[in-house]
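Chain residues, written in single-letter form:
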Amino acid sequence: MEYILALTHVDDTGYALTRASLEVVAAALALANQLEAPLTVGIIGANAASAANVLASSGARLLVVSGEPFAQARYATDAAACEALCRTARSTIVLAPASARLARVAAGVAHRLNGFIDTHIGSIAAGDTIQVTRWFYRQRIEAVLTRDTRPWFLLLDAGTHVAFSGHSGPAQVEEVVVSLPALRTTVAGLREPRQDQQTIRPDAKLLLVAGAGWTKKQPDGQIHATEAGSLILGFLHATGASLGSSKSLVDQGGDGSSVLPFLTHLNQIGQTGATPRHAKGLSTCCHGEEPHVVGWRFIADRRAISLDPNCGWTRGKADVVYVADAFHVIAKLNLLLEAKKL
Amino acid sequence: MPTPLHIVVCAGIVPDPLQTLEPIAGPAGPGLKNEMVLPAVLDPWAACALYEAAALVAKYPGSKLWLVSLGPKAKLQAVMMTVAQKVSFEFVPIDGPIGGFPDAQATAAALVEAISTIQGLDNAKLLLFGGWESATRGAGVTLQLVGERLGITDQFQGVDQIEFRADGSFEVLERVEGGKHQVSTCAGTPAVLGWATGNLAEPRNNPQIGMANMRTVMPALQKAKSISIPADGLHYSSVTLPKQQRTTKVVKNLTPEEIAHELVAWIGAE
Chain A
82 MEYILALTHV
92 DDTGYALTRA
102 SLEVVAAALA
112 LANQLEAPLT
122 VGIIGANAAS
132 AANVLASSGA
142 RLLVVSGEPF
152 AQARYATDAA
162 ACEALCRTAR
172 STIVLAPASA
182 RLARVAAGVA
192 HRLNGFIDTH
202 IGSIAAGDTI
212 QVTRWFYRQR
222 IEAVLTRDTR
232 PWFLLLDAGT
242 HVAFSGHSGP
252 AQVEEVVVSL
262 PALRTTVAGL
272 REPRQDQQTI
282 RPDAKLLLVA
292 GAGWTKKQPD
302 GQIHATEAGS
312 LILGFLHATG
322 ASLGSSKSLV
332 DQGGDGSSVL
342 PFLTHLNQIG
352 QTGATPRHAK
362 GLSTCCHGEE
372 PHVVGWRFIA
382 DRRAISLDPN
392 CGWTRGKADV
402 VYVADAFHVI
412 AKLNLLLEAK
422 KL
Chain B
-12 MPTPLHIVVC
-2 AGIVPDPLQT
8 LEPIAGPAGP
18 GLKNEMVLPA
28 VLDPWAACAL
38 YEAAALVAKY
48 PGSKLWLVSL
58 GPKAKLQAVM
68 MTVAQKVSFE
78 FVPIDGPIGG
88 FPDAQATAAA
98 LVEAISTIQG
108 LDNAKLLLFG
118 GWESATRGAG
128 VTLQLVGERL
138 GITDQFQGVD
148 QIEFRADGSF
158 EVLERVEGGK
168 HQVSTCAGTP
178 AVLGWATGNL
188 AEPRNNPQIG
198 MANMRTVMPA
208 LQKAKSISIP
218 ADGLHYSSVT
228 LPKQQRTTKV
238 VKNLTPEEIA
248 HELVAWIGAE
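Protein sequence lines, in the order shown, are assigned to chains A and B.
For reference, each letter of the first sequence is one residue, going 82 to 423 in this note's numbering.
For reference, each letter of the second sequence is one residue, going -12 to 257 in this note's numbering.
Chain A on its own, in the form it takes in the complex:
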């Protein structure tokens, strides 16, 4: 008999579950139904009980860890909270979102419980055994695996499951008491770019990928980095798209070359960057393997603008390749998008 626990946490507001947490609840409900196993949902946050109300109709046992120490993400407190929730639920299968908060602690908690962990899970199937799918070698090889050992922790990537939605109402919750170790870390808060400079938008439908071609010499023999920057920002402003970048373009800042000032390593996609999930992706001035193979793995609908009709990395990876100068296309595109808004 399996005992399933969905480990979740509240969002920045402190009163609601994150979307990734709701996805985990939905995945856990489906798994519990397939296995005819009892489901418990554990919630961590300063006001976890109020966040539980959204799960009132889930039929799951609801455990919460509340209080000021759990208002922010920190290894010592979150690990202690997760450990207490797992012990209370006597869980054999633990599902959790692969969020920064729980990814930081889940392996440590698994170790405390003599358990095992697999992360970046894309799908779960229950039959004679529970089989999960995940990627290896930075999204180049896909594997289906299972484990005999329990407890088994599974961290689900965001965007891989439909989020739970049910009727909100007063939920019956059980408060779990956590004994905390001496705390040596204090969390000051979040540091983020100014609102108008934030170019990473995980919830955007569209990802614009900028490659190193934007800061290379153009047909007039000159580099037009400033123009490139304003075109890219104009596009992001008009569409609400998220911005990804190739490694070579981000690295140019460190080499003292012309740079796009709003780009950081956080924008980087590919082998040493992110593999974001968006419905559509438009790559511009990219000629490498990284954006098209690794960074685009989870982009559903892909188009590219490239001067090279024979670019081997777009062939077989993009749905449509426009052989054109991205400077000209994006300039026209921005005009059309702005006109459409008026």
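Be careful, since some hints might not be right.
Said to hold, decoys possible - Footprint (simulated), chain B over chain A, 3 or more residues, beta carbon under 8 Å:
id, stretch
1, 114 to 128
2, 131 to 144
3, 254 to 266
4, 289 to 302
5, 383 to 394
6, 400 to 409
What the hints assert, rightly or not - The list that follows gives simulated cross-link-like pairs (lysine-lysine, PhoX-like), each with its CA atoms no further than 20 Å apart:
id, chain 1, residue 1, chain 2, residue 2
7, B, Lys20, B, Lys62
8, B, Lys46, B, Lys112
9, A, Lys413, B, Lys230
10, A, Lys361, B, Lys236
11, B, Lys62, B, Lys210
Note that these hints are calculated values from the structure, not bench results.
A virtual CB, placed ideally from N, CA and C, is assigned to each residue, including glycine.
Position chain B against the provided structure of chain A, taking the given hints into account.
Structure of chain B alone, referenced to chain A:
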């Protein structure tokens, strides 16, 4: 100024990212075709951790740096020919399997055993560094498991910056969702830091550093303990390359304006 730091960097070796990878089934589980002859490099994010560690050691006199790496001896030696020219370190090799398919828990246990044999390592001064995820398994759990086994409960993942203060405490910037950093202050060592990219460029090769390092790297490799990684109940049902090959439509004869119109329709379409 903090007391001298003892920094241990855990860094695996991975196939050069430009290599084509093909999975095969072996007697000990899945692996990569021609894995032993594929050119290898130090794991990219772990390499960032190594460079950040070297910068801290240079900044705070009396500090020490160890590089702990698990892999087949021959591969470790080949990778060290380059890595050893970047920064000074003491090498702690473990002769074991390469690749992303062995289990992380058993890997962590092997790393902890190797760390516990390091002469002169003071756990009170310890900063355990590594990449927040590897380019092989990419699970982001090994460093955490090593930290837990060492009893370290101040852990940070996706680190881009560490700044020490005069009292020995330090501020850490960790990546969180949405292109933001979480800012935390830790009272001091010991701590675990899984690095993302950091802020340092890759150091240039310095043959003098390389020669100095290789004096200790080669004897360490000769003495490296051989281990195997047990499966611990992990079974692979299938290991395959993704089959998605798209039929790419190449559009050559449209003007920028025509392309822009087409893209507007595409962006707006549900």
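Hint by hint, here is what the structure shows:
{"no.": "1", "hint": "114 to 128", "in the structure": "violated (count 0)"}
{"no.": "2", "hint": "131 to 144", "in the structure": "violated (count 0)"}
{"no.": "3", "hint": "254 to 266", "in the structure": "holds (count 3)"}
{"no.": "4", "hint": "289 to 302", "in the structure": "violated (count 0)"}
{"no.": "5", "hint": "383 to 394", "in the structure": "holds (count 4)"}
{"no.": "6", "hint": "400 to 409", "in the structure": "holds (count 8)"}
{"no.": "7", "hint": "B:Lys20 / B:Lys62", "in the structure": "holds (15 Å)"}
{"no.": "8", "hint": "B:Lys46 / B:Lys112", "in the structure": "holds (15 Å)"}
{"no.": "9", "hint": "A:Lys413 / B:Lys230", "in the structure": "violated (36 Å)"}
{"no.": "10", "hint": "A:Lys361 / B:Lys236", "in the structure": "holds (16 Å)"}
{"no.": "11", "hint": "B:Lys62 / B:Lys210", "in the structure": "holds (15 Å)"}
Hint compliance for this structure: hints 1, 2, 4, 9 are broken, all remaining hints hold.
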